[in-house]
Amino acid sequence: MPKLQSVAELEKYRAEILAQRDPAKPCIAVCAGAACDGMDSAAVAAAFVTEAGKLGGKIEVRTTGCHGYCEKGPNVVVTPGDICYFEVQPADVPEILAATLKGEVVERLVYKDPNTGAKAVHMHEVPFYKHQTRLLIGDNPKIDPMRIDDYLAVGGYAALVKALTEMKPDQVLDEVKKANLRGRGGGGFPAGSKWETTKNAPEKTKYVIVNGHEGESAAFMDRAMLTGNPHKILEGLIIGAYAIGAQKGFMYTRHDMPLLEKHVRNALAQAKEYGLLGQNILGSGFDFECELHFDVGIFVSGESSALMRSIEGNPPEPRPKYIRTSVSGIWDKPSNLNNVETWANVPQIITKGAEWFTSIGSEKSKGTKLISLSGNVVNSGIVEVPMGTPLRTLVFDIGGGVRDGKTLKAIHFGGAMGGSIPADLIDAPLDFDGMSKLGAPIGAGGLLLMDEDTDMVEIARYLLDFLVNESCGKCAPCREGMPQMLHILTNMTQGKGKPGDLERLEDLAEVTGAASLCALGKTSPDPLKSMFRYFKPEYEARIPGGSGDK
Amino acid sequence: MSEIVLKIDDKEVKVAAGTTVLQAAQQAGIYIPTLCHHEKLEAFGGCRLCIVEVESRGWTSYVVSCLYPVAKDIIVRTRSEKVDKIRKVLVEELMAHAPDAPELVKLAEVYGADRNRFERKESFCVVCGLCVRYCDEVKHLNAVGFIDNGAEREISFIPEVAKDVCWECQECFALCPTSYAQAAYLLTEALAFPGQRKAAVRAAKVPVATQRIIPIKPVAATT
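Going down the list, the sequences are from chains A and B.
Mapping of the first sequence onto this note's numbering: position 124 corresponds to residue 571, and the numbering continues sequentially without gaps.
Mapping of the second sequence onto this note's numbering: position 157 corresponds to residue 264, and the numbering continues sequentially without gaps.
No lab work stands behind these hints: they were computed from the structure.
Heads up, some of the hints might be wrong.
Stated by the list, open to error - Calculated lysine to any residue pairs in the SDA-like style (CA-CA distance at most 25 Å, straight line):
1) B:K189 / A:R951
2) A:K780 / B:L148
3) A:K943 / B:E226
4) A:K884 / B:E162
5) B:K195 / A:E953
6) A:K811 / B:W166
7) A:K780 / B:T126
8) A:K969 / B:I254
9) B:K246 / A:R756
10) B:K195 / A:G960
11) A:K945 / B:L148
12) B:K195 / A:R756
13) A:K976 / B:A220
14) A:K976 / B:I254
Please take these sequences and the hints and turn them into a complete structure.
In structure tokens, the structure reads:
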């Protein structure tokens with residue numbers, strides 16, 4: 448593939464790709480996302496390739512990233528028509544191919560409502576999918592992440608073209624600011640303001656970073672995006688670099704996911720080959736390089752300042768944030784870091800405009816949000832809904848409610864640094880500020896359902912146990928406070944609660960939250976604080992002699 | 108360099124821009140407790156005892172003064188109900204390791220800390236990192252380092268380096284608030300290179316009475 452020298456060459460190439468593709472030709476998309484892969488979707492894909500090969504190219508087979516409905520994997524989607532087959536086994540392959548050739552549907556493999564038995568054939572009819580707005584993850588079934596041409600075929604890099612040819616860097620920044628895109632990594636900080644800070648910082652050398660560490664427990668959507676559609680994130684990053692005036696970018700991600708590494712490495716190499724990275728991108732005069740970087744295996748390396756130290760080659764210890772990393776980050780240069788999902792939102796904001804983007808979502812939280820749904824839920828998987836969607840829709844309409852016919856007790860958001868709210872707050876809207884006020888900030892978007900049998904003391908203990916192992920140990924309140932809280936909670940779960948334990952827990956939670964150096968320590972007591980707010984009687988019951996707070 | 112005026116405990120203080128709040132307080136003769144701070148070392152922000160209340164444009168926040176740079180018109184309160192509570196609990200947490208360390212005993216008196224409030228921890232180290240950082244930044248020897256992370260983090264002498272340099276230096280022993288650095292060194296010696304020092308002493312024919320453990324050279328006092 449010769450390097451594309453101009454926008455015209457890119458569009459010509461895109462037209463060629465599309466001309467070669469017949470939208471009416473059946474295509475089988477086999478999900479190779481982490482969950483499906485775990486259920487040996489590779490064997491299903493291999494069977495499709497072998498069997499379809501015998502048909503002389505009448506049916507195309509594509510291995511794709513995560514479709515979302517992890518509960519029912521291996522997932523297979525047949526186009527045209529988006530016919531969804533679930534829990535597909537290699538033995539089902541000949542039947543699916545035969546039916547597809549005849550334009551028929553294999554009834555026994557389509558979705559069947561567990562209560563009514565009603566069937567749903569097409570994606571837009573399946574309850575799990577039909578209540579979603581899949582702006583980001585919706586392309587996954589259409590793309591083989593190893594093929595940049597697949598991304599170009601769905602309009603990929605058109606936003607970059609628009610930015611480079613029709614917009615000045617300031618206009619790109621303005622559009623993102625107007626869109627009120629808020630960081631998807633946890634804090635919900637406005638991305639545009641962060642970009643502006645880095646842009647306006649006096650140093651000439653600037654960096655942009657994709658935070659794809661995703662260490663939050665029960666969050667698994669970023670890896671699905673990065674593995675399933677790496678070019679979307681890369682396109683967002685290049686656009687951001689153009690707006691900010693950065694010459695170099697880093698993709699920081701997990702070291703322990705071989706497939707993700709393979710796809711991202713390949714995407715960077717392809718983008719370079721096509722001239723979408725490197726010198727004079729598409730003849731615009733804009734230069735940008737991007738490097739892949741891996742974490743060192745501890746949770747805190749996802750914290751922005753620790754992440755930057757890690758890129759420098761230093762141990763991933765957080766740095767106090769009195770000077771923001773957007774002003775002084777990697778090697779003391781202005782460094783703008785955003786989460787995978789934040790970057791993934793950028794191309795569509797440029798293509799469709801801020802006005803379109805702000806028409807989706809709640810008053811202060813715009814666009815859609817990817818949510819990882821797990822715990823005692825019927826349908827676990829990755830879900831995308833507009834901000835402001837009531838939790839009830841997520842839990843019941845999409846999630847199918849609580850497993851085994853049990854009652855919902857609590858909803859937990861934000862992993863080990865999030866919070867739990869009781870079931871009676873189920874009508875709360877999914878919104879950065881609203882959920883924070885309730886004490887269960889969205890965080891990165893891991894939603895955990897808990898049924899009536901859940902022991903809330905045990906949950907707090909479990910989450911803290913995770914964090915204790917992930918603390919770097921630099922500052923005293925985090926290093927000392929968390930193990931002391933864990934010790935007390937462990938005693939309480941073992942029936943060894945003592946008078947004064949609740950007061951000790953409250954003091955430790957307050958001081959760890961107030962005095963820790965980085966967000967890991969600062970937010971580590973948040974689950975416990977939410978427990979004290981909503982489930983305190985369960986804690987009091989573990990102390991002999993009533994509340995015991997003497 | 109421009110000068111900055113700020114208020115610390117109702118006292119107007121004028122310092123150079125780039126000064127930290129802790130340095131500004133020290134210049135004005137106002138005491139803020141510290142454990143991991145040393146004037147010869149880069150500010151670390153580990154012990155968090157120097158936390159203070161800062162009011163800036165109507166916002167109150169809690170920052171560690173060893174790292175927080177002074178800014179125009181900020182109001183610093185080195186003690187408040189919340190600051191005192193944070194220091195009290197931090198001292199209680201550290202006393203779980205070293206209940207009798209003199210600096211902690213003194214702080215416990217000031218802030219009303221109970222040395223028995225939390226579960227005892229087996230290590231006497233409070234992980235202030237003075238030994239590690241002094242050995243690196245001042246001595247450039249790196250004979251002692253941090254190992255492990257989180258609650259498991261501790262200091263450890265690196266035998267290959269320590270056997271050649273530590274006995275001659277010993278400067279970190281005096282910096283250590285709990286005497287753990289010295290204990291850790293001697294344990295390393297006993298395990299990794301026992302007898303080496305004694306052999307050297309014998310060879311040099313040093314009289315027994317002068318074969319001491321305490322530092323031979325005086326060390327610059329900590330602030």
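The hints, checked one at a time:
| no. | hint | in the structure |
| --- | --- | --- |
| 1 | B:K189 / A:R951 | 16 Å, holds |
| 2 | A:K780 / B:L148 | 23 Å, holds |
| 3 | A:K943 / B:E226 | 14 Å, holds |
| 4 | A:K884 / B:E162 | 24 Å, holds |
| 5 | B:K195 / A:E953 | 14 Å, holds |
| 6 | A:K811 / B:W166 | 23 Å, holds |
| 7 | A:K780 / B:T126 | 21 Å, holds |
| 8 | A:K969 / B:I254 | 23 Å, holds |
| 9 | B:K246 / A:R756 | 24 Å, holds |
| 10 | B:K195 / A:G960 | 15 Å, holds |
| 11 | A:K945 / B:L148 | 42 Å, violated |
| 12 | B:K195 / A:R756 | 32 Å, violated |
| 13 | A:K976 / B:A220 | 23 Å, holds |
| 14 | A:K976 / B:I254 | 31 Å, violated |
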